[in-house]
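Peer 1: Quick note: the sequence shown, position 218, residue 341 per this note's numbering, numbers continuous.
Just so you know, these hints were derived from the structure itself, not from any lab.
As the structure is a computational prediction, the values presented were derived from the model and not from experiment.
Idealized CB from N, CA, C, for every residue including glycine.
Among the hints, erroneous ones may be present.
[Said to hold, decoys possible] When the alpha-carbon atoms are kept at most 27 Å apart in a straight line, the in silico DSS-like pairs for lysine-lysine are as follows:
| id | residue 1 | residue 2 |
| --- | --- | --- |
| 1 | K184 | K136 |
| 2 | K204 | K184 |
| 3 | K276 | K184 |
| 4 | K379 | K140 |
| 5 | K140 | K276 |
| 6 | K379 | K136 |
| 7 | K276 | K204 |
| 8 | K379 | K184 |
| 9 | K204 | K136 |
| 10 | K276 | K379 |
[To be verified] DEER-style ranges, computed between Cβ atoms:
| id | residue 1 | residue 2 | range |
| --- | --- | --- | --- |
| 11 | K276 | G314 | 42 to 50 Å |
| 12 | M124 | K184 | 30 to 38 Å |
| 13 | P236 | E155 | 23 to 31 Å |
| 14 | E384 | P266 | 20 to 28 Å |
| 15 | S238 | W282 | 13 to 21 Å |
| 16 | T217 | S249 | 43 to 51 Å |
| 17 | F237 | G314 | 31 to 39 Å |
| 18 | I380 | K204 | 25 to 33 Å |
| 19 | T353 | T325 | 21 to 29 Å |
| 20 | Y344 | D263 | 22 to 30 Å |
| 21 | A192 | G221 | 19 to 27 Å |
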Amino acid sequence: MVRGLDHLVVAVKDLEKAGQAYSDLGFTVTPENRHPWGTANRLVQLDRFFIELLSVAEPEKISETSGNAFSFGAFNRDFLKAREGASMLVLDSTGADGDRSDFHRAGLHLYDPFSFERTAHLADGSTAQVAFDLTLVGDDLSPGIGYFTCHNKFPENFWKPAFQSHANGASSVMAVYMIAADPSDHHEFLGGFTGQREMRATSLGLELETARGDIRVLTPYAYQALVGETAASSVTGDLPQIAALEIACQGLDHKKIVPAEQLFGLTLILSPAG
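Turn these sequences into a full structure, and let the hints steer you where they fit.
Peer 2: Structure follows, in structure tokens:
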């Protein structure tokens, strides 16, 4: 089974300012929600994909990673010590047990199972319970990126049409872009993680088609050719890293690139839908 893109975690220092920046671009941004382990988020929902703007709200609640017990809060706290930006790549899931079995066969480093639930705050002021099973894996060749699948146990309480209506016409995810010194180094892990063993490799990068959107791993040169020198110059930190997200927008007649320096470490590529 080939998994699809589910969401990106974008770690930011100021959640309110990050939410406002996305709102100013015409995105609908959800109210703030808090996790019991010390982080808070606001979401930008598209068609079965979302951007999770995440900050550290209560650092005293964060536990440390210990052995195979992965700490979501500690990972993002430590990420923010270096920079803001896309910290974690998340794929969808139909069940944690199946994911664990697939990842074990693929030889991926599995962390302990992790499940949680929280109260979601909806646009009309009401609340609803949501719950998720996360299957976390690690890649020694990209230690600065977190990877997991997310099984949404109550999708009817999570996905809301009001949150998926955006003034800028944003509708669906097209691609996630990573930058790596040698993209071919990452084909084995990404193939096992996505379940997609068919991929296109060139001297410029690696392309995997998932069940929802593509993952494209580019050299720094190829990334600059894609987004331009200005946007590429805002890339900071070690490679590999998640650098950009491409979103299809209804009614847009030409591609628009919003560089990372305007969006807390993640470049957005807004492309015409169709």
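Peer 1: Hints first: check each against the structure and report whether it holds.
Peer 2: Now the hints, each set against the structure:
no.	hint	result
1	K184 / K136	holds (17 Å)
2	K204 / K184	holds (17 Å)
3	K276 / K184	holds (25 Å)
4	K379 / K140	holds (22 Å)
5	K140 / K276	violated (30 Å)
6	K379 / K136	holds (25 Å)
7	K276 / K204	violated (32 Å)
8	K379 / K184	violated (39 Å)
9	K204 / K136	holds (10 Å)
10	K276 / K379	violated (35 Å)
11	K276 / G314: 42 to 50 Å	violated (27 Å)
12	M124 / K184: 30 to 38 Å	holds (35 Å)
13	P236 / E155: 23 to 31 Å	holds (27 Å)
14	E384 / P266: 20 to 28 Å	holds (25 Å)
15	S238 / W282: 13 to 21 Å	holds (19 Å)
16	T217 / S249: 43 to 51 Å	violated (28 Å)
17	F237 / G314: 31 to 39 Å	violated (24 Å)
18	I380 / K204: 25 to 33 Å	holds (28 Å)
19	T353 / T325: 21 to 29 Å	holds (25 Å)
20	Y344 / D263: 22 to 30 Å	holds (25 Å)
21	A192 / G221: 19 to 27 Å	holds (22 Å)
When held up to the earlier numbered hints, the structure conflicts with 5, 7, 8, 10, 11, 16, 17 and fits the remainder.
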